[in-house]
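Residue numbers (the UniProt record's numbering), protein chains in the order written: chain A, 1 to 283; chain B, 1 to 283; chain C, 1 to 283.
Among the clues, some could well be false.
Quick list of in silico lysine-lysine cross-link-like pairs, PhoX-like style, CA-CA up to 25 Å [said to hold, decoys possible]: (1) A:K39 to B:K39; (2) A:K9 to C:K9; (3) A:K39 to C:K39; (4) B:K9 to A:K39; (5) B:K39 to B:K9; (6) B:K9 to C:K39; (7) B:K39 to C:K39; (8) A:K9 to A:K39; (9) C:K39 to A:K9; (10) B:K271 to C:K9; (11) B:K39 to A:K9; (12) A:K162 to C:K247; (13) C:K162 to C:K228; (14) B:K9 to A:K9; (15) B:K119 to B:K228; (16) B:K162 to A:K271; (17) A:K271 to A:K228; (18) A:K228 to A:K162; (19) C:K119 to C:K228; (20) C:K271 to A:K39; (21) B:K9 to C:K162; (22) A:K119 to A:K247; (23) C:K119 to C:K162; (24) A:K271 to A:K247; (25) B:K39 to C:K9; (26) B:K271 to B:K228; (27) B:K271 to B:K162; (28) C:K228 to C:K271.
To spell it out: a stretch of chain A is covered by chain B in this simulated footprint if at least three of its residues, at any positions, have a beta carbon under 8 Å from a beta carbon of chain B; those stretches are [claimed, not checked]: (29) 95-106; (30) 129-139; (31) 142-149; (32) 245-255.
The calculated label-pair distances, taken between Cβ atoms and stated as ranges, are [unchecked claim]: (33) A:G266 to B:D248: 47 to 55 Å; (34) A:D259 to C:K9: 44 to 52 Å; (35) B:E190 to A:E133: 43 to 51 Å; (36) A:L152 to C:A138: 24 to 32 Å; (37) B:K9 to A:E133: 49 to 57 Å; (38) A:H186 to B:S159: 22 to 30 Å; (39) B:D205 to A:G266: 49 to 57 Å; (40) A:L152 to B:Q25: 29 to 37 Å.
If you are wondering where the hints come from, they were derived from the structure by calculation, not from laboratory data.
Please read all numbers here as calculations on a predicted model, not as lab measurements.
Positions of the beta carbon are idealized from the N, C-alpha and C atoms, including for glycine.
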Amino acid sequence: MRRKSDRFKYVARSCKEILDIYGEQEDGIYYLTTTNGMKYQTFCDMTTAGGGWTLVASVHENSIYGRCTVGDRWSSQQGNNPNPPGGDGNWSNRNTFGVVESATSDDYKNPGYYDIVAKDMSVWHVPNNFPMEHWNLAAILRYHTDNSFLRLYGGNLFSLFKQFPVRYSVGSCSDRGPAVPIVYDHGDRESTRNLYGPRSRNEFDPGFISFRAINNERAAMAICSGVKPRGCNTEHYCIGGTGYFHKDQCGDFPSFDWDRLGREQGWSASKEMTESAVLLFYR
Amino acid sequence: MRRKSDRFKYVARSCKEILDIYGEQEDGIYYLTTTNGMKYQTFCDMTTAGGGWTLVASVHENSIYGRCTVGDRWSSQQGNNPNPPGGDGNWSNRNTFGVVESATSDDYKNPGYYDIVAKDMSVWHVPNNFPMEHWNLAAILRYHTDNSFLRLYGGNLFSLFKQFPVRYSVGSCSDRGPAVPIVYDHGDRESTRNLYGPRSRNEFDPGFISFRAINNERAAMAICSGVKPRGCNTEHYCIGGTGYFHKDQCGDFPSFDWDRLGREQGWSASKEMTESAVLLFYR
Amino acid sequence: MRRKSDRFKYVARSCKEILDIYGEQEDGIYYLTTTNGMKYQTFCDMTTAGGGWTLVASVHENSIYGRCTVGDRWSSQQGNNPNPPGGDGNWSNRNTFGVVESATSDDYKNPGYYDIVAKDMSVWHVPNNFPMEHWNLAAILRYHTDNSFLRLYGGNLFSLFKQFPVRYSVGSCSDRGPAVPIVYDHGDRESTRNLYGPRSRNEFDPGFISFRAINNERAAMAICSGVKPRGCNTEHYCIGGTGYFHKDQCGDFPSFDWDRLGREQGWSASKEMTESAVLLFYR
Numbered sequence: 001m002r003r004k005s006d007r008f009k010y011v012a013r014s015c016k017e018i019l020d021i022y023g024e025q026e027d028g029i030y031y032l033t034t035t036n037g038m039k040y041q042t043f044c045d046m047t048t049a050g051g052g053w054t055l056v057a058s059v060h061e062n063s064i065y066g067r068c069t070v071g072d073r074w075s076s077q078q079g080n081n082p083n084p085p086g087g088d089g090n091w092s093n094r095n096t097f098g099v100v101e102s103a104t105s106d107d108y109k110n111p112g113y114y115d116i117v118a119k120d121m122s123v124w125h126v127p128n129n130f131p132m133e134h135w136n137l138a139a140i141l142r143y144h145t146d147n148s149f150l151r152l153y154g155g156n157l158f159s160l161f162k163q164f165p166v167r168y169s170v171g172s173c174s175d176r177g178p179a180v181p182i183v184y185d186h187g188d189r190e191s192t193r194n195l196y197g198p199r200s201r202n203e204f205d206p207g208f209i210s211f212r213a214i215n216n217e218r219a220a221m222a223i224c225s226g227v228k229p230r231g232c233n234t235e236h237y238c239i240g241g242t243g244y245f246h247k248d249q250c251g252d253f254p255s256f257d258w259d260r261l262g263r264e265q266g267w268s269a270s271k272e273m274t275e276s277a278v279l280l281f282y283r
Numbered sequence: 001m002r003r004k005s006d007r008f009k010y011v012a013r014s015c016k017e018i019l020d021i022y023g024e025q026e027d028g029i030y031y032l033t034t035t036n037g038m039k040y041q042t043f044c045d046m047t048t049a050g051g052g053w054t055l056v057a058s059v060h061e062n063s064i065y066g067r068c069t070v071g072d073r074w075s076s077q078q079g080n081n082p083n084p085p086g087g088d089g090n091w092s093n094r095n096t097f098g099v100v101e102s103a104t105s106d107d108y109k110n111p112g113y114y115d116i117v118a119k120d121m122s123v124w125h126v127p128n129n130f131p132m133e134h135w136n137l138a139a140i141l142r143y144h145t146d147n148s149f150l151r152l153y154g155g156n157l158f159s160l161f162k163q164f165p166v167r168y169s170v171g172s173c174s175d176r177g178p179a180v181p182i183v184y185d186h187g188d189r190e191s192t193r194n195l196y197g198p199r200s201r202n203e204f205d206p207g208f209i210s211f212r213a214i215n216n217e218r219a220a221m222a223i224c225s226g227v228k229p230r231g232c233n234t235e236h237y238c239i240g241g242t243g244y245f246h247k248d249q250c251g252d253f254p255s256f257d258w259d260r261l262g263r264e265q266g267w268s269a270s271k272e273m274t275e276s277a278v279l280l281f282y283r
Numbered sequence: 001m002r003r004k005s006d007r008f009k010y011v012a013r014s015c016k017e018i019l020d021i022y023g024e025q026e027d028g029i030y031y032l033t034t035t036n037g038m039k040y041q042t043f044c045d046m047t048t049a050g051g052g053w054t055l056v057a058s059v060h061e062n063s064i065y066g067r068c069t070v071g072d073r074w075s076s077q078q079g080n081n082p083n084p085p086g087g088d089g090n091w092s093n094r095n096t097f098g099v100v101e102s103a104t105s106d107d108y109k110n111p112g113y114y115d116i117v118a119k120d121m122s123v124w125h126v127p128n129n130f131p132m133e134h135w136n137l138a139a140i141l142r143y144h145t146d147n148s149f150l151r152l153y154g155g156n157l158f159s160l161f162k163q164f165p166v167r168y169s170v171g172s173c174s175d176r177g178p179a180v181p182i183v184y185d186h187g188d189r190e191s192t193r194n195l196y197g198p199r200s201r202n203e204f205d206p207g208f209i210s211f212r213a214i215n216n217e218r219a220a221m222a223i224c225s226g227v228k229p230r231g232c233n234t235e236h237y238c239i240g241g242t243g244y245f246h247k248d249q250c251g252d253f254p255s256f257d258w259d260r261l262g263r264e265q266g267w268s269a270s271k272e273m274t275e276s277a278v279l280l281f282y283r
């Protein structure tokens, strides 16, 4: 364990710099330093596709029964309310919460989310409450992008969502943000399809990560993980959102339980999807 | 103060290791490191019964008038609701909250709660908002176990409560978890009895710490500090709990104010008990 | 960036000590250490009036539509309720929350708030979500005191508010805490007046910072920034507060939107004031 302690002396803004400058190739927790000199701890994936991936956030549904109440930090903790239209606004502000080892037990957002200037993203869907040492193996879906799409949007999600606000009534269903093709690290298009409800499968294409979806009722969602929407019932397969959803579907996983929780029937996502945290990495 | 700064270079998983490996015998704040390499600060009691006790959590009632609202992290922050039956689930997940110096001003849980593999527990009841330098002397009750009971339950409360879930409707009043005899460091059986309400005193035996009590209405509580229940009205003298309690008694100290707050009449716990935080240590 | 890393080895209780003992004159993030040895990071202003100012807190209105709900940490997160009369009590307890880089995106309180023994205060009103490197230039109002008034009240706000509790029904409108003259670093008396609503301007004098104001309905507020109240409608121009306000005006900026948000009409504060975080420094 002594070697891990020495990691504190590194001054790096991202796991990519830890890999490139200090030559560390071991997955695990490192200290990073923001542009302004604030230190924080997070997990580095030094394995996937050459390594250098920084965990910057996780989206965790604490209770599908609590509708935009405490714990729904990626939508709203203020209840289902069109004022303010951006909900808690965490997709595009500098607020942070949680700690790295709790990333599968609670929502997590560290300063890397807004501080790191990155090219690509990686996403892991890890069953709730799994310990860090098993995240990789336990994940039900893992993929990354490799076309440097973040360069077009300011280098991170903080900037991307300034351009594509996650905001109630900001536009119509056709006003979506980018949809980016993905490379699978665990899973494939078919397994991605099956993570969502049977009716949802008719209105998306697997093999993508999509940003800022808007549904029929003009609620906005931040990320559709693994899929590109064709239809407008995105509340059943996209996560994060504004502070207002029709029929009180408000929450970090807004309406994943439409036809009963985890039954994988109608519009309901699978139980394994609903009970997994979505870990977001940059490189 | 310079010497305290050097403490950062220690790599130890618990205060016991700080004592055994580095020979530190001074009570105070040290950095610990989890198995996965995450660093955090907590308080080490290096005095009681040979020292080496790590503060891992505190249970603090922020408002007896707020029923499973914000701040009731050891029961539920989602309101009094049988769904989900485990409330916020913090007794058996990897979520953490609070910082060490605020342990008597707010709920506190650090990574040691799930990371340290321990044998015994120590508990301090410290009046709310007391500063760390006075915790020991200000405590109204301090005790520890010395029979290595945690070995039977996975080495910590995280594991113990996996075996004995703190969950609404998980069983009947007789399905209690373990009751472990205690050694008093401040106080005795008589003073323990008097911390709880007159009517409560008829249904517990002092001189124990008990885990996972269940009441008449099938609500579960995590810890009965200082006592072993004989009866089933445990909501008046046990703490932490599920997300649902009969008659909206929901909260970290569920029904300590049944016959008015702090009046020490009927089922009401004493004012000093209700206004003290419960600090949990491992060794 | 390497030099910033070395800052971790400093052992100082305040930015004044960082300046005096270690000779650091650069604005930025430093590690401080409390009397009890707990380390934390915060921002030091090493420029204003000789430097040595420690950021200890920020008051940020997350949603003027959420009335003492989640995020209203300087009043109450338990709803508009006269029980408990002190709300969440954070003006006079050891609870802490937030991190330094998020000080303009969320409420912030670090251990310096209660740990540092200071003489004077400095206040910056910074538009929400501005990054740290622009706080100084972006501020719409900046001022400090220079008469060592904190010496009379225990050296910090934690002590001051023990003497002048922020508590519902603690007294009448005339039972105010101290009003201290200020020196402007950006702005002046005229610009201060214009930050508040036209009707508010008739009942305060600019050029002061005031503590513990009480309104007609006996609600208490913590700070009137830039002004000394003469009247009793302080809910329109003072911040922080108890857990109870008449007509559900409860919140960190209790009734800044009385005559519609940010319209600068009637009692409503200006939009720039309502959408700025109030950063509190000690020296």
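Hints and how they fare:
With a CA separation close to 12 Å, the supplied pair K39 of chain A and K39 of chain B stays within the 25 Å bound. A C-alpha spacing of about 11 Å is found between K9 of chain A and K9 of chain C, which places the hinted pair at or below 25 Å, so the restraint holds. With a CA separation close to 12 Å, the supplied pair K39 of chain A and K39 of chain C stays within the 25 Å bound. Using a Cα cut-off of 25 Å, the hinted pair K9 of chain B and K39 of chain A holds, with the two alpha carbons roughly 16 Å apart.
Proximity of K39 of chain B to K9 of chain B is assessed by CA-CA distance (about 11 Å); at most 25 Å being required, the pair is judged to hold. The suggested pairing of K9 of chain B with K39 of chain C holds, with an alpha-carbon distance near 13 Å, which does not exceed 25 Å. Pair hint K39 of chain B plus K39 of chain C holds up; C-alpha atoms about 12 Å apart against a cutoff of 25 Å. Our distance criterion of 25 Å between C-alpha atoms is met by K9 of chain A and K39 of chain A, whose separation comes to about 11 Å.
A threshold of 25 Å between alpha carbons decides the hint, and for K39 of chain C with K9 of chain A the separation of about 16 Å falls inside it, so the pair holds. Using a Cα cut-off of 25 Å, the hinted pair K271 of chain B and K9 of chain C is violated, with the two alpha carbons roughly 44 Å apart. Distance check on the hinted pair: K39 of chain B and K9 of chain A sit about 13 Å apart at the alpha-carbon level, within 25 Å; holds. Restraint check for K162 of chain A and K247 of chain C: not satisfied, since their Cα atoms lie roughly 35 Å apart, outside the 25 Å limit.
Only pairs whose Cα atoms come within 25 Å are accepted, and K162 of chain C paired with K228 of chain C is accepted, the gap being roughly 20 Å. Of the pairs offered as hints, the one joining K9 of chain B and K9 of chain A holds, with about 11 Å between alpha carbons and a cut-off of 25 Å not exceeded. Among the hinted pairs, K119 of chain B with K228 of chain B is consistent with the structure: their alpha-carbon atoms are about 20 Å apart, no more than 25 Å. Note on K162 of chain B and K271 of chain A: the hinted pairing holds, with a Cα-Cα distance of about 21 Å set against a maximum of 25 Å.
In summary, the hint linking K271 of chain A to K228 of chain A is supported, as the alpha carbons are separated by about 21 Å, within the 25 Å threshold. A hinted pair counts as satisfied when its Cα atoms are at most 25 Å apart, and K228 of chain A with K162 of chain A qualifies at roughly 20 Å. At most 25 Å may separate the alpha-carbon atoms for a hinted pair to count; K119 of chain C and K228 of chain C meet this at roughly 20 Å. The hinted pair formed by K271 of chain C and K39 of chain A fails the criterion: a straight-line CA distance of about 33 Å is larger than 25 Å.
A distance of roughly 38 Å separates the Cα atoms of K9 of chain B and K162 of chain C; the hinted pair therefore is violated under the 25 Å criterion. A C-alpha spacing of about 37 Å is found between K119 of chain A and K247 of chain A, which places the hinted pair above 25 Å, so the restraint is violated. Distance restraint check for K119 of chain C and K162 of chain C: the Cα-Cα separation of roughly 17 Å lies within the 25 Å cut-off, and the hinted pair is therefore satisfied. For the hint linking K271 of chain A to K247 of chain A, the alpha-carbon distance of about 22 Å falls within 25 Å, and the restraint holds.
Pair hint K39 of chain B plus K9 of chain C holds up; C-alpha atoms about 16 Å apart against a cutoff of 25 Å. Pair hint K271 of chain B plus K228 of chain B holds up; C-alpha atoms about 21 Å apart against a cutoff of 25 Å. About 32 Å separates the Cα atoms of K271 of chain B and K162 of chain B, which puts this hinted pair outside 25 Å; it is violated. Of the pairs offered as hints, the one joining K228 of chain C and K271 of chain C holds, with about 21 Å between alpha carbons and a cut-off of 25 Å not exceeded.
Counting residues of the region 95-106 of chain A whose C-beta sits closer than 8 Å to any C-beta of chain B gives 7, which meets the bar of three, so the coverage hint holds. Judged by the Cβ-Cβ criterion of 8 Å, the region 129-139 of chain A is covered by chain B as claimed, because 4 of its residues qualify and three suffice. Interface restraint, the region 142-149 of chain A with chain B: violated (0 residues with C-beta to C-beta distance below 8 Å; minimum three). Under a criterion of three residues with beta carbons nearer than 8 Å to beta carbons of chain B, the stated coverage of the region 245-255 of chain A fails, only 0 such residues being counted.
For the pair G266 of chain A and D248 of chain B, the supplied restraint of 47 to 55 Å is violated, since their beta-carbon distance comes to about 34 Å. Under the hint 44 to 52 Å, the C-beta atoms of D259 of chain A and K9 of chain C, about 58 Å apart, miss the expected range. The hinted range of 43 to 51 Å is satisfied by E190 of chain B and E133 of chain A, whose Cβ atoms lie roughly 47 Å apart. Range check, L152 of chain A to A138 of chain C: about 27 Å between beta-carbon atoms, so the 24 to 32 Å window is met.
A hinted range of 49 to 57 Å for the beta carbons of K9 of chain B and E133 of chain A is inconsistent with their spacing of about 24 Å. Separation of H186 of chain A from S159 of chain B is about 29 Å and conforms to the stated range, judged on CB atoms against 22 to 30 Å. Distance hint check for D205 of chain B and G266 of chain A: the Cβ-Cβ separation is about 53 Å, which falls inside the suggested range of 49 to 57 Å. The given range of 29 to 37 Å is broken by L152 of chain A and Q25 of chain B, whose C-beta atoms sit roughly 58 Å from each other.
Checked against the numbered hints listed earlier, the structure breaks hints 10, 12, 20, 21, 22, 27, 31, 32, 33, 34, 37, 40; every other hint is satisfied.
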